[in-house]
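**Student:** As a plain string of letters, each chain reads:
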Amino acid sequence: MEYKKITEDNYTLHLINTDRFKSMSIVVFLTKKFNKDDIPYGNLLCKNMVYTSKKYNTKNKMAIIGEELYGASVSASFGISGKTESYVFSLDFLNPKYTDSSYLESSIDFLCEILFNPNVKDNAFESSYFNITKKDAISSVLSLKDKPNLYARVEYSALMYKGTETAYSSIPNLKDLESITEKDLYKEYTKLFNGDYKIDIAVYGELDSRVQDIIKRKFKNVKSNNEKLTMYINHKYKDEVQEKVDSLPFNQSKLYIGYRLKGLDYHELNHVLRVYNTILGTMNDSILFNVVREEHSLCYSIGSYYSKYNPSLTIYAGINKINYEKSVELIKECVESMKDKKVLERLFDSAKKTINTYLNNYYDDLTAQINQYYQREFDTVEDVETIREKINKVTIDEVIKLNDKISLSTIYLLKGDN
Amino acid sequence: MKIKTFKKVDEKVYTEKLDNGLEVYLYKTDKTKNFYITISVKYGARITKYKVGNRVVDVIPGSAHFLEHKVMALSENKAISKRINDLGSLANAWTSYYGTNYNIFGSINLIENLKLLLDIFYNTNINEKSVNEEKGIIGEEIDMYKDQIDSLMYSKLFDNLFNKSYSKNTVVGEREDIANITAKSLNEIYNDYYVPNNTFIIVTGNFDIDEVMNTIKDYMKNIKVKPKELPKRIKERDKEIVNVPYEEIKKDMENTRVKYAIKMKKNIFGIKDDNILKDYLGLILSNNFSATSELFERYKDNDIVIGMSYGVNIIDDYLIININALTNDGNRFIDNIKEDIKKLKLNEEEFERKKKKYLKSYILDFDNIEDVEYLLSLSLMIDNKIDYNEYDKLIALNYKEASRIMKLINFDNVSIIRTIK
Numbered sequence: 019m020e021y022k023k024i025t026e027d028n029y030t031l032h033l034i035n036t037d038r039f040k041s042m043s044i045v046v047f048l049t050k051k052f053n054k055d056d057i058p059y060g061n062l063l064c065k066n067m068v069y070t071s072k073k074y075n076t077k078n079k080m081a082i083i084g085e086e087l088y089g090a091s092v093s094a095s096f097g098i099s100g101k102t103e104s105y106v107f108s109l110d111f112l113n114p115k116y117t118d119s120s121y122l123e124s125s126i127d128f129l130c131e132i133l134f135n136p137n138v139k140d141n142a143f144e145s146s147y148f149n150i151t152k153k154d155a156i157s158s159v160l161s162l163k164d165k166p167n168l169y170a171r172v173e174y175s176a177l178m179y180k181g182t183e184t185a186y187s188s189i190p191n192l193k194d195l196e197s198i199t200e201k202d203l204y205k206e207y208t209k210l211f212n213g214d215y216k217i218d219i220a221v222y223g224e225l226d227s228r229v230q231d232i233i234k235r236k237f238k239n240v241k242s243n244n245e246k247l248t249m250y251i252n253h254k255y256k257d258e259v260q261e262k263v264d265s266l267p268f269n270q271s272k273l274y275i276g277y278r279l280k281g282l283d284y285h286e287l288n289h290v291l292r293v294y295n296t297i298l299g300t301m302n303d304s305i306l307f308n309v310v311r312e313e314h315s316l317c318y319s320i321g322s323y324y325s326k327y328n329p330s331l332t333i334y335a336g337i338n339k340i341n342y343e344k345s346v347e348l349i350k351e352c353v354e355s356m357k358d359k360k361v362l363e364r365l366f367d368s369a370k371k372t373i374n375t376y377l378n379n380y381y382d383d384l385t386a387q388i389n390q391y392y393q394r395e396f397d398t399v400e401d402v403e404t405i406r407e408k409i410n411k412v413t414i415d416e417v418i419k420l421n422d423k424i425s426l427s428t429i430y431l432l433k434g435d436n
Numbered sequence: 051m052k053i054k055t056f057k058k059v060d061e062k063v064y065t066e067k068l069d070n071g072l073e074v075y076l077y078k079t080d081k082t083k084n085f086y087i088t089i090s091v092k093y094g095a096r097i098t099k100y101k102v103g104n105r106v107v108d109v110i111p112g113s114a115h116f117l118e119h120k121v122m123a124l125s126e127n128k129a130i131s132k133r134i135n136d137l138g139s140l141a142n143a144w145t146s147y148y149g150t151n152y153n154i155f156g157s158i159n160l161i162e163n164l165k166l167l168l169d170i171f172y173n174t175n176i177n178e179k180s181v182n183e184e185k186g187i188i189g190e191e192i193d194m195y196k197d198q199i200d201s202l203m204y205s206k207l208f209d210n211l212f213n214k215s216y217s218k219n220t221v222v223g224e225r226e227d228i229a230n231i232t233a234k235s236l237n238e239i240y241n242d243y244y245v246p247n248n249t250f251i252i253v254t255g256n257f258d259i260d261e262v263m264n265t266i267k268d269y270m271k272n273i274k275v276k277p278k279e280l281p282k283r284i285k286e287r288d289k290e291i292v293n294v295p296y297e298e299i300k301k302d303m304e305n306t307r308v309k310y311a312i313k314m315k316k317n318i319f320g321i322k323d324d325n326i327l328k329d330y331l332g333l334i335l336s337n338n339f340s341a342t343s344e345l346f347e348r349y350k351d352n353d354i355v356i357g358m359s360y361g362v363n364i365i366d367d368y369l370i371i372n373i374n375a376l377t378n379d380g381n382r383f384i385d386n387i388k389e390d391i392k393k394l395k396l397n398e399e400e401f402e403r404k405k406k407k408y409l410k411s412y413i414l415d416f417d418n419i420e421d422v423e424y425l426l427s428l429s430l431m432i433d434n435k436i437d438y439n440e441y442d443k444l445i446a447l448n449y450k451e452a453s454r455i456m457k458l459i460n461f462d463n464v465s466i467i468r469t470i471k
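If you read the sequences in order, they're chains A and B.
Numbering-wise (the working numbering), the first sequence opens with residue 19 and increments by one.
Numbering-wise (the working numbering), the second sequence opens with residue 51 and increments by one.
A hint or two may mislead.
Some residues of chain B that are not near chain A, with every Cβ distance over 12 Å (derived) [as the list claims (entries may be wrong)]:
1. Lys52
2. Glu190
3. Met263
4. Pro277
5. Lys406
6. Leu428
7. Tyr438
8. Ala446
A few chain B residues that face chain A, going by a derived Cβ cut-off under 8 Å, partial list only [as the list claims (entries may be wrong)]:
9. Asn84
10. Ser125
11. Leu137
12. Ala141
13. Leu280
14. Ile284
Only pairs whose alpha carbons sit at most 30 Å apart, straight line, appear in this in silico DSS-like list of lysine-lysine [said to hold, decoys possible]:
15. A/Lys72 to B/Lys406
16. A/Lys65 to B/Lys132
17. A/Lys360 to A/Lys280
18. B/Lys132 to A/Lys344
19. B/Lys435 to B/Lys392
20. A/Lys262 to B/Lys300
21. A/Lys339 to B/Lys206
22. B/Lys328 to A/Lys115
23. B/Lys78 to A/Lys370
24. A/Lys65 to B/Lys395
25. A/Lys262 to B/Lys196
Derived from the structure by calculation, the hints contain no laboratory data.
In this text the structure is predicted, and so the values were computed from the model without any measurement.
Beta carbons: idealized from backbone N, C-alpha and C, even for Gly.
Just chain A, same shape as in the assembly:
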């Protein structure tokens, strides 16, 4: 694999040349500092842009061009990461060597049609499709309570990260969403390529020598904001433990327990925490899996994850509501056992090897590779082999010491009331 970064005035191009996959991807990232007022526009703008365009002005025409290009597809998403927000437009298509010579440029044209030629009239998105997508967006917000996993995670995050960017999800407030007009949305669209956002373009696959020129030609009119952005959040957590119980008519209850992480240095946050999290909740034989699921049969799913940009550790489990107190106590004991050298010794080497397997997976994961180069624009992101080397040097004592910087912050239960 060869990587080349080309910094143009109006965008940064990441060329990742590899024959690993039989497909190609072009991903356009638009990034800026998070502003909660942008949330209502995020998903609605994405939906409108991929639904129709000026040239492909019906849903069906948009579908036909994708099929003609051997199932080429453009997806769009809006997300929040640390202190930033971003739009991501991704074109996936076959390696042109399986088709014909015009296929590469035709596929890029398809992406550019969606990016630069939206279905607008008189400075407003076309009304009928705007109304359809708006209805869909409203319906999606209203149906949040029908999705217990997502609902619980959104509510937990709002509680755990209150007062910070992480407390927000990309799901908008209903009132804000309802008030958006076709003109408002178009106004928001005009900001995308006009200097408000930092623009990164990643091209991944068996690269043709023409790619760089094609991109240069197609993106010549965009303007990028090259102001330095950071993803890290300085979260001032409250000292007391907060607990909340909601209920909805489901069979299973969803439990989330959040631990705040304070004062971790770079090594602790990027290497030690990864080992800690693997032992606690992600490896085959993790402490949570062994104690809560296997020894006490309290759940089917249990695990943990951590947030690097708003330092915290979260444990989640699907439980029966009658086992709430027992599950919380056992989970607390599991975290407490992370101080026990004997417990850690049993799992420590295996955890590192498990991480090594996950790291190898990076080479088989197109998205992970693209994201790594993108994230380097905002953060120090080591390459996989450096991470591997540093993970392998983590000691048990460092993992134990991490416990001094971890404390319980939030317990959230979405009680299944059926």
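Using the hints provided, position chain B relative to the given structure of chain A.
**Tutor:** Structure of chain B alone, referenced to chain A:
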């Protein structure tokens, strides 16, 4: 050892059937640092009753999945579990109607991982205590699926479509079913079905083919498992008419969900190969009901649906086509789809365009070692063989035949399930 090649993509599979009947499939690629090893048994939740010798066994629903939990019981087999962890590997398992798959994903020491997976498979110890303990975990898994509305609706739809078919039961079963499962009932199934001539091993990744094949052969020589007479599945004969034509599920949800299904005998199409039949129907249905169809656009424009999708299933002798909708008005969708489903359309240009998507999908199947394994294991479980000529078959799909098939679809035998507030 035979070498088989998938056309167009030039991907090769090394295969051999051992003396004891066990089949081995090896796919080597130097594009990855990882490997994926699986051992699968062609026994899944569709077997509800079987006969072996003079013995007839009624299988408790959920047994195949329960057995998977007890075979992959790593917490009860500390030594094997420790070795898997020491190698940094990830072990898992899954069960479908057609088979059960045990797998290890790793990057260090493939040979030892392979032996460990074989140890897990061939050294089970299913006892009453551990079976009872597992019921709590599986009970939570059942609840989890019941909270997923699509999963719940599919299980009820297939229950309503059939009178006696296996598909009336979910793969995981109900809490009442698993309460009746015992160590004895699981051991009986294990002894009858987990035999080498009903089992296959697939290894994908970067490895030495001869070394892996020899390891499997040596292992089999040492454990001396012999082929056995395979049980005969006793298939319940289902009535053609749907069991329940309409059902409402009371659920306080924001939008209404509807599944509109039609049931017909698959032999009306005169196509022996189920996969070809499914390919043709997939093309036809995609043109008419997918998010890219004209009908979908019309339904969206007229606020009839929020989302729409379709599915094709072959359940023994029957073909099921289902159209799924997320809508604000269930009655209006049902009224419309009743008529529109009879107006299927597909022209030659549309047919050729849809076919291109199939070709892309075929080419991309080989990008990931887990996808390759899944492709192979699914073919072996469902069809009992791997079709190395799939590309030729895709190329041979033709508009004339699609038109013929489209005209034969029978729309009269309907079962509808919907949510209601």
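**Student:** Give a verdict on every hint.
**Tutor:** Results of checking the hints against the structure:
Non-interface call for B/Lys52 relative to chain A: holds, since the shortest CB-CB distance, roughly 25 Å, exceeds 12 Å. With a least beta-carbon separation of about 4 Å from chain A, B/Glu190 fails to lie farther than 12 Å from that chain, contradicting its non-interface assignment. No Cβ of chain A approaches the Cβ of B/Met263 within 12 Å, the least distance being about 24 Å, so the stated non-interface status holds. At the 12 Å boundary, the C-beta of B/Pro277 stays outside the reach of chain A, the nearest C-beta of that chain being 32 Å off.
The Cβ of B/Lys406 does not lie farther than 12 Å from every Cβ of chain A; its closest approach is about 5 Å, which violates its non-interface assignment. Interface exclusion of B/Leu428 from chain A stands, the closest Cβ pair being 20 Å apart, more than 12 Å. Consistency note on B/Tyr438: stated as away from chain A, and its beta-carbon is indeed over 12 Å from all of that chain's, at 18 Å minimum. With a cut of 12 Å on Cβ distances, B/Ala446 stays outside the contact zone with chain A, its closest approach being about 18 Å.
Taking 8 Å as the C-beta contact cut-off toward chain A, the hint placing B/Asn84 at the interface holds, the least distance being around 5 Å. The restraint placing B/Ser125 at the interface with chain A holds, with a minimum CB-CB distance near 4 Å, inside the 8 Å limit. Taken as an interface hint, B/Leu137 checks out: its beta carbon lies about 6 Å from the nearest beta carbon of chain A, inside 8 Å. Taking 8 Å as the C-beta cut-off, the interface hint given for B/Ala141 holds, the closest approach to chain A being about 6 Å.
About 32 Å separates the beta-carbon of B/Leu280 from the nearest beta-carbon of chain A, more than 8 Å, and the hint is not met. For B/Ile284, the shortest C-beta to C-beta distance to chain A is roughly 31 Å, which exceeds 8 Å, and the interface hint is violated. Distance restraint check for A/Lys72 and B/Lys406: the Cα-Cα separation of roughly 25 Å lies within the 30 Å cut-off, and the hinted pair is therefore satisfied. Restraint check for A/Lys65 and B/Lys132: the C-alpha separation of about 48 Å exceeds 30 Å, so the hint is violated.
The straight-line distance between the Cα atoms of A/Lys360 and A/Lys280 is roughly 25 Å, inside the 30 Å bound, and the hint therefore holds. The straight-line distance between the Cα atoms of B/Lys132 and A/Lys344 is roughly 27 Å, inside the 30 Å bound, and the hint therefore holds. Restraint check: the Cα-Cα separation between B/Lys435 and B/Lys392 comes to about 35 Å, which exceeds 30 Å; the hinted pair is violated. Note on A/Lys262 and B/Lys300: the hinted pairing holds, with a Cα-Cα distance of about 28 Å set against a maximum of 30 Å.
About 25 Å separates the Cα atoms of A/Lys339 and B/Lys206, which keeps this hinted pair within 30 Å; it holds. Restraint check for B/Lys328 and A/Lys115: the C-alpha separation of about 29 Å stays at or below 30 Å, so the hint holds. The hinted pair formed by B/Lys78 and A/Lys370 meets the criterion: a straight-line CA distance of about 26 Å does not exceed 30 Å. Between the alpha carbons of A/Lys65 and B/Lys395 the distance comes to roughly 28 Å, so the proposed pair stays at or under 30 Å and holds.
For the hint linking A/Lys262 to B/Lys196, the alpha-carbon distance of about 25 Å falls within 30 Å, and the restraint holds.
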